[in-house]
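Using the hints provided, position chains H, Z and X relative to the given structure of chain C.
Protein chains in written order, with full-length UniProt numbering: chain C, 1 to 240; chain H, 1 to 240; chain Z, 1 to 240; chain X, 1 to 240.
Heads up, some of the hints might be wrong.
Cβ pair distances, simulated, as ranges [stated by the list, open to error]:
no. : chain 1 : residue 1 : chain 2 : residue 2 : range
1   : Z       : Pro-2     : X       : Glu-19    : 54 to 62 angstroms
2   : C       : Ala-73    : H       : Glu-50    : 45 to 53 angstroms
3   : X       : Phe-204   : C       : Glu-91    : 54 to 62 angstroms
4   : Z       : Glu-223   : X       : Asp-79    : 29 to 37 angstroms
5   : C       : Asp-26    : H       : Cys-72    : 50 to 58 angstroms
I should point out that these hints are in silico values taken from the structure, not numbers from a laboratory. Please read all numbers here as calculations on a predicted model, not as lab measurements. Beta carbons are placed, not taken as given, at the ideal position from N, Cα and C, and that holds for glycine.
Below are the chains, spelled out letter by letter.
Number of protein chains: 4
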Amino acid sequence: MPLQVTVWNENVHELEEPEVAERYPDGIHGAIADAVDGDDRTVRTATLQEPEHGLTEDVLANTDVLLWWSHCANDEVADEVADRVVDRVHEGMGFVPVHSGKNSKPFKRLMGTTCNIKYRHGGETERIWTADPGHPIADGLEESFEVPSTEMYGEPFDIPEPDRTVFISWFEGGEVFRSGVCYRRGRGRIFAFRPGHEEYPIFFQDEIRTVLDNAVAWAAPTEGADAVWGEVEPKESLDD
Amino acid sequence: MPLQVTVWNENVHELEEPEVAERYPDGIHGAIADAVDGDDRTVRTATLQEPEHGLTEDVLANTDVLLWWSHCANDEVADEVADRVVDRVHEGMGFVPVHSGKNSKPFKRLMGTTCNIKYRHGGETERIWTADPGHPIADGLEESFEVPSTEMYGEPFDIPEPDRTVFISWFEGGEVFRSGVCYRRGRGRIFAFRPGHEEYPIFFQDEIRTVLDNAVAWAAPTEGADAVWGEVEPKESLDD
Amino acid sequence: MPLQVTVWNENVHELEEPEVAERYPDGIHGAIADAVDGDDRTVRTATLQEPEHGLTEDVLANTDVLLWWSHCANDEVADEVADRVVDRVHEGMGFVPVHSGKNSKPFKRLMGTTCNIKYRHGGETERIWTADPGHPIADGLEESFEVPSTEMYGEPFDIPEPDRTVFISWFEGGEVFRSGVCYRRGRGRIFAFRPGHEEYPIFFQDEIRTVLDNAVAWAAPTEGADAVWGEVEPKESLDD
Amino acid sequence: MPLQVTVWNENVHELEEPEVAERYPDGIHGAIADAVDGDDRTVRTATLQEPEHGLTEDVLANTDVLLWWSHCANDEVADEVADRVVDRVHEGMGFVPVHSGKNSKPFKRLMGTTCNIKYRHGGETERIWTADPGHPIADGLEESFEVPSTEMYGEPFDIPEPDRTVFISWFEGGEVFRSGVCYRRGRGRIFAFRPGHEEYPIFFQDEIRTVLDNAVAWAAPTEGADAVWGEVEPKESLDD
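If we strip away everything but chain C, and leave its shape as in the complex, we get (with noise of 0.2 angstroms):
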């Protein structure tokens, strides 16, 4: 059976800012499906509008691996739908916040820190360094990429100490930043990835499209043991 992908965007910017929907004449939900798209996959999108967010009880159960694009709309987005997707990463579903996703309550509740960061508007160079070259997230990538231009985050980045820590940012203005943090939670796969904004190209530029891709491909549930919770009787006699 072909991995299900879900691709969700509040889909705001692409609605309100003619030159971001000019931009992205798809959504940036419309320009991530296509770069994680490919064979044994069906790729499905889903935005703040539609009922529920798009992210229904069915939708989800059927999501093997949800991508998650977010902004100035966090919060937006109803407590229910964000704990339905913190049950469903606790079940297995793998979960890749993007950009200021970082901010989604989703994230935020799984990793349990305020997720603060430092920002800055207006354009500059992102270079995006392999800090862990062994991992399956940087496939086929060089040892650095840059982002000619983008939205500066800057540390200190308030998560755990991530799992592994698979890239870290220079900027231009002088800050650092860990760009692709992995974790798992329960039986989900997390990979929170830092480039993104709506002002630049970035989901067309191949390398981006290359860890998104990567990063769905890692974050695919895998079948696991069972799990017994709650009450049980001894394995071993007590009589004694």
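Below, chains H, Z and X without anything else, positioned relative to chain C:
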């Protein structure tokens, strides 16, 4: 200035079950408070029944380390108070959930997982092994010690991979459990300690008291560095 | 191209103890090789007695995953061969030390710790719990399984805090042990698995074979990114 | 009893290059020793040229924290002395390799990786960001500070994923580096700190001295629990 320690207890079993009240005449909070008291420490207690559960803004602002015992009333803790505890941990307050405090709202919000376990009542032997003999929370312990009669908790314990696994328990009935695990979230140190059922006089046992006392010292806030979040000016010229 | 698997065994007990030779007529390496064989895999074996212990430059250059069983002859492994194994792990070869392979030169050099344990011969029940049910090395297992008669290993196990703790063992005699632990060193994935004493037919047990088979799949090399080391030119102008 | 600190330096540049001798009239070891001196500490120095490099059994047995600066003479350190340092770290001695001390035999043996980096001479600005503002090694620092002229080290840094990443550096020439990383091996705490080239007066800079001073406090041994290794009797009856 002395370290300011607050011991929180839901205090429900003590109020509702005469055997528990007899076993812990000053409440479980009283027994824990006595265990962690010492030079250069001021220890106070707070319970569910007090206004704001005794964890007002003022109390938390003046708490360096919060110990937390809860069991049957985890759901009765107000969301607002739980969030206040989480915020203070992010700021640096140490947090030591004990026994089913692992099911408390603050701990689950800090972990981002279900914190599910298996369990069994009835009383059986637990042998607590120090897996990390170099850890300061194990100061002064032998390689293992026994709790003669306790409730069982068994793996899998649905938590993020710990920063350090200090203790692992063996149970007579055949299970194992990571009984002492360390995390940091924001500036705050967290140590979750398994033992402590209300049906047994566990908080009067020397080794248990040693661990709690050590945990308070370990979880105490440290100064750290400045952190600047939000919009910032560049450190380097972006003129070109 | 099929995954190239090499199973290394010191093969000393088999040569010196008739009961072991009878129990493992093809050697422990033969039993492990049979367990991890499969479609898209070529499996070969190598032993201490061969020139360069059967781990020549050529063999290792053509090994994707190396399983390693050793016990009484850990010190007889040539330093040069041990270093060759370590170098190949850094390059990406998976490494699966089994049982007292945890005392082998390659594993200790990769860990940087003593890897000390406590132990007991004589035969007793071990119950292996899956602490990380979402991990692919646990694929297809129940929540726990028993090895009916084994040598005991007990905590503290002097290893770096694992990246993931997949299995924790309960022993009839009262000890616990982290029986399946994951690391990465360089590009190479490492999974140390505890069971497997030569006095028992452990490598014919289904669950053990499942774990070893899963471990080979998990430890297989991935492509990753380029890494450039040594002296480099600046990416940015340093003229000013 | 005061904390016993030993500062080790290969002391080769000072002996062979007049500019370095002029810059560090008491040697780099002298400058570091001055930085970490204080109440309740006794600080001594040792160098490569002394018998057993000044790191005799007796000196190490009486060292709580060892700082280590080395560069061009890493290969000249006797294997026996390197192993002695590693053994003492396992027993609890803190170890703080500075600058290319990351290439020293003890550090590489403790890490189990190549510790490879990229580098560039010539002098450029380094800005050191605190990625973990809650860490005690960052006590008293601002969010970032600059070393005005330094040798560059760049990612990928081939180390195990750190327990904590305290500092990340930005370099004028376009690279990034994890400049302050924490580990534990056995009972010993390890903090590797990047800055410190002999061509610049870096060890006279206030922030650098603060970090080294904090690192000594952080790396100091703690008591911990007993650990029993080797063959043991069962804790439970195995009669049945």
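Against the structure, the hints come out as follows:
For the pair Pro-2 of chain Z and Glu-19 of chain X, the beta carbons lie near 59 angstroms from each other, so the given range of 54 to 62 angstroms is met. Between Ala-73 of chain C and Glu-50 of chain H the Cβ separation comes to about 39 angstroms, which falls outside the hinted range of 45 to 53 angstroms. Between Phe-204 of chain X and Glu-91 of chain C the C-beta distance comes to about 56 angstroms, which sits within the given range of 54 to 62 angstroms. Between Glu-223 of chain Z and Asp-79 of chain X, the C-beta spacing of about 36 angstroms keeps the proposed range 29 to 37 angstroms intact.
For the pair Asp-26 of chain C and Cys-72 of chain H, the beta carbons lie near 52 angstroms from each other, so the given range of 50 to 58 angstroms is met.
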